[in-house]
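K.L.:
Each chain is listed here by its residues.
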Amino acid sequence: MPSWPLNQWYIAAYSSEIEEGLLGRTICDEPLVFYRTSEGEVVGLADRCVHRRYPLSLSHLKDDQIICGYHGFTYDKSGSCVAAPAQKRIPRAARVPSFPVHEQDSFVWVWIGDSDLADTALIPRAPWLDSPDYTVVRGREPIQGRYGLLVDNLMDLSHETYLHGGYIGTPEVAETPITTEVDEEANVVYVSRHMDDAECPPFYANSTGIGGRIIRWQDVEYHAPCLYLLHSRIAPAGVLPPEDGPDDKAFHVEVTYGITPETEHSTHDFWMVARDFALGDEKVTEYLATNNHTVVMQDVVALNILEEVVEGEKENYQELSINIDTGGLAARRILKKLIAAGEAPSAAPAAAPAVAGTV
Amino acid sequence: MPSWPLNQWYIAAYSSEIEEGLLGRTICDEPLVFYRTSEGEVVGLADRCVHRRYPLSLSHLKDDQIICGYHGFTYDKSGSCVAAPAQKRIPRAARVPSFPVHEQDSFVWVWIGDSDLADTALIPRAPWLDSPDYTVVRGREPIQGRYGLLVDNLMDLSHETYLHGGYIGTPEVAETPITTEVDEEANVVYVSRHMDDAECPPFYANSTGIGGRIIRWQDVEYHAPCLYLLHSRIAPAGVLPPEDGPDDKAFHVEVTYGITPETEHSTHDFWMVARDFALGDEKVTEYLATNNHTVVMQDVVALNILEEVVEGEKENYQELSINIDTGGLAARRILKKLIAAGEAPSAAPAAAPAVAGTV
Amino acid sequence: MPSWPLNQWYIAAYSSEIEEGLLGRTICDEPLVFYRTSEGEVVGLADRCVHRRYPLSLSHLKDDQIICGYHGFTYDKSGSCVAAPAQKRIPRAARVPSFPVHEQDSFVWVWIGDSDLADTALIPRAPWLDSPDYTVVRGREPIQGRYGLLVDNLMDLSHETYLHGGYIGTPEVAETPITTEVDEEANVVYVSRHMDDAECPPFYANSTGIGGRIIRWQDVEYHAPCLYLLHSRIAPAGVLPPEDGPDDKAFHVEVTYGITPETEHSTHDFWMVARDFALGDEKVTEYLATNNHTVVMQDVVALNILEEVVEGEKENYQELSINIDTGGLAARRILKKLIAAGEAPSAAPAAAPAVAGTV
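Protein chains in written order, with my numbering: chain A, 109 to 467; chain B, 109 to 467; chain C, 109 to 467.
Among these hints, one or two may not hold up.
Copies of the same chain are indistinguishable here, so a pair counts whether it falls within one copy or spans any two.
Stated by the list, open to error - Computed cross-link-like contacts, SDA-like style, restricted to lysine to any residue with a CA-CA straight-line distance of at most 25 Å: (1) K391 x L130; (2) K422 x Q252; (3) K422 x S111; (4) K391 x G247; (5) K422 x L130; (6) K357 x P344; (7) K357 x I318; (8) K391 x Q173; (9) K422 x I175; (10) K445 x M109; (11) K196 x D137; (12) K357 x V392; (13) K391 x H360; (14) K170 x E149; (15) K422 x E372.
Since the hints were made in silico from the structure, they are not lab data.
Throw the hints in and build the complete structure from the sequences for me.
P.N.:
What follows is the structure in structure tokens.
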């Protein structure tokens, strides 16, 4: 049994990564190849020729078909072989598996598991990622560690104080208690930490221009297994959201992560920071891109180390958990449930109507 | 059970590699050390001292004896210990295994398995490799992949069109059907592809000077497990071999490979290109050496990738084979038979009388 | 069962390595963190936070306490957690294991096993290492090989002739028979080789200034498992120790090794050369430091190779041992006995009264 749920949608790539040519990427231990047809449709196929296993991602794309780089077996977008060397008859079994994909919110999602079930599952939303009301910086980092370590990391933001001190961490993050809620049906974990009089970390001081103390709210929404949303509200101390009308005295940052297992011991860390202020301001964009990349790399280095620690761990080692871990433990429990089910569809809409994936 | 046949002759080295000093090389998972005595005889011994396993290949050669570089145990060419530190009595068991070797056609062959059987087996021939009628370029590349991948590769030359396009591949190679024959007694597989009106690839255009379309014959002779011969005939379109008399209107290239397992996951790829034209022409020699090395490296890169794919493969993965694979499948079947037998001597003479290996 | 004895004192570090800050080091497969308190006491704790396993050695030391670099769990020198994020109550189980340490003869020793037994075991001595009567050069090299290979190496000095020829080896070392004694109670193996008319190797010629032939005595004392002493006496040929009075016509070198397993396949090689002549002579010090480092690296390279050989070894491989191996075989036997006992305290005083380790 793999350590991730099957029959789930996972973020395979940013849409912008699949334009020209072939993209090879392993998702949940499945080597896949992606490309975009001349009509703009994204195709996801198993990344090995049926003949002698050569990776199709290292092959040739021509007229929306992949020609294997080893012996020339040729596949159409459904994965069917349409040409083979030195013979006219194509064996009926000559077909590579095709995977349901769906583009949404600047992501290419792929369905891992039984493709007949793909239509039944809702894909969680992050509409700010391609909205004109937000400016977004983003990146993707490989982690040499299991995806659960990144889930743990993001569910317990008290680590910001210690691992990201001087960037996004201040003493209040670790000191302020959290509240946790779980939507067992939608498989969503909510963790909130509201700091009503906090130091403003450089990350937000430099991007918002706020000088003094702030209200800082962190509202986490984890749509197991793949999409993590941190709704971050920053406002000068004392500025609360109005009873009605827009919350335009506050700054909103949608920190978004795609947490996609690559293998049992490696993870794709898709990270995005969307803001509703200083729209299009290149200097702020550059500042947030550079500094968030630094913060992401602090996590990557720590998680790579933890993977080695866990791998070298003696059997029956016991962790100790405390209040701050309530959200992380809930996430683990839901993942465990989804893995056991192997088929439980995940996720409800985050901020917009869900759309079923189409094959 | 190893994945190669025991009780077989394998190419260990080119004769020219064993002149002065000690050569350490692993053949079929056996770490061996080779050297040439002052009388010109090649010696092959197990590459570890009986005392504390130190590699003899990292030791000292003096007066046709190896003195271990760790504690000075000294071995003669039969592998017998003739001196030990701080005592006069040499323990009777102090002897490293010696392996039958035989020099022929510019190769040093070594016998892996029961040395009593070495005399009974014929070593296949490639006499052009040290004939004055041919000029030869050659090299040796390590492959980080099992030897069976190289056998597959060479038995199905339709890959030339895709992996070696622009060098030795043209569309006709993949398009032209093959004929296959198997000599079950001699354990030789023959695969022929005769293209009677084909494009001339740069490799041959630049070395023969032929401008237009060509007759191109590829006659493969695989002497399982180790020696692969590709008799290549290139002639201007329409020029067939005469009924009698020499075929001197055609160009002949003897592409020769030694396929020697190093370990379960690595292979020695000995490659040679012998031609019967432009003899001694340095420019042609340089051109063929450079370009064939490029072609070999295209294979090496592909096979290294395939090894990773096969290693990461899920159980019960099924390949799909078609007509072009007839030769490769026959080779696999013969190897399987030889492995099971573990003792079936291999190989009949290719172009000259066979000579039994001598110890 | 590990391949080293538990319930033993092992050399973890030189005292000089633990001054400011945190030192992470794995000893016998236990990741440990060391630091020195403001009062000068050395502390040894398990190197992972009880919460999410983050290495404490990558964390922060403040006021003699370690603050975890991930979420801020804080530990005092006993390993007790004294602060946790976002809550006042510290879980009772929040404690990292603490390991008995003892400073002596310029070493920090650590006790691996049942800490209640630490007081019962004597720690062997090497008092010259912080004596004003000696000048010492020293270093530490990682070996990518099991510690037993270093024990083998040091117990059989006949290898000096072959592996260290031109440095410390001369023909007489390999030629001269040894005498071996074993103290079964104290778990000490003694090996002596007295060469009364020997070539003076450059190592000693250049440091002592002796020009001609020498008396060279090597008296080995191996206190299993960790401390190896080579009492080396060099004197001009014919100069024997006086019946009474100091042996001041001879040069004495105390070659000392700490042999500490890091993991099953790696070892900390602590090496020291203490001399009772040319005290404080920088040129001699520099010469001995450089040349002994060269000699140590010759061993390291050889042992790294042997580890690969042993790892790749076929089952049931048999070594062959001869007279020179008597000491090494005795050492192996004692180590095997100590491993089986799992609790047998080791070591008697080498040259001074033993001191029990204190926690």
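K.L.:
Run every hint past the structure and note whether it holds.
P.N.:
Each hint tested on the structure:
Taking the closest pair of Cα atoms, K391 and L130 never come within 25 Å of each other, the shortest separation being 33 Å inside a single copy and 39 Å across copies. Taking the closest pair of Cα atoms, K422 and Q252 come within 25 Å of each other both inside a single copy (20 Å) and across two copies (21 Å). Taking CA atoms no more than 25 Å apart as the test, K422 paired with S111 passes in both settings, with 19 Å inside one copy and 16 Å between copies. In the homo-oligomer, the alpha carbons of K391 and G247 lie at most 25 Å apart inside one protomer (18 Å), although the nearest pairing across protomers, at 51 Å, exceeds that limit.
Within a single copy, K422 and L130 get their C-alpha atoms only as close as 42 Å, which misses the 25 Å cut-off; across copies the closest is 23 Å, which meets it. Taking the shortest alpha-carbon separations for K357 and P344, only the intra-copy value of 8 Å comes in at or below 25 Å, while the best inter-copy value is 83 Å. For a Cα distance limit of 25 Å, the shortest separation of K357 from I318 inside one copy, 11 Å, qualifies, whereas the shortest one across copies, 80 Å, does not. Taking the shortest alpha-carbon separations for K391 and Q173, neither the intra-copy value of 42 Å nor the inter-copy value of 41 Å comes in at or below 25 Å.
In this assembly of identical chains, K422 and I175 lie within 25 Å of each other by CA distance solely across copies; the values are 24 Å between and 48 Å within a copy. For the homomeric pair K445 and M109, the shortest alpha-carbon distance inside one copy (13 Å) is at most 25 Å, but the shortest distance between copies (36 Å) is not. In this assembly of identical chains, the alpha carbons of K196 and D137 never lie at most 25 Å apart, being 34 Å within a copy and 43 Å across copies at closest. Only within a single protomer do K357 and V392 lie at most 25 Å apart by alpha-carbon distance; the minimum there is 18 Å, versus 74 Å between protomers.
In this assembly of identical chains, K391 and H360 lie within 25 Å of each other by CA distance solely inside one copy; the values are 18 Å within and 67 Å between copies. For the identical chains of this complex, K170 and E149 are intra-copy neighbours only, at 15 Å inside a copy versus 57 Å across copies, given an alpha-carbon limit of 25 Å. With identical chains, the CA atoms of K422 and E372 are at most 25 Å apart both within one copy (18 Å) and between copies (14 Å).
Checked against the numbered hints above, the structure breaks hints 1, 8, 11 and satisfies the rest.
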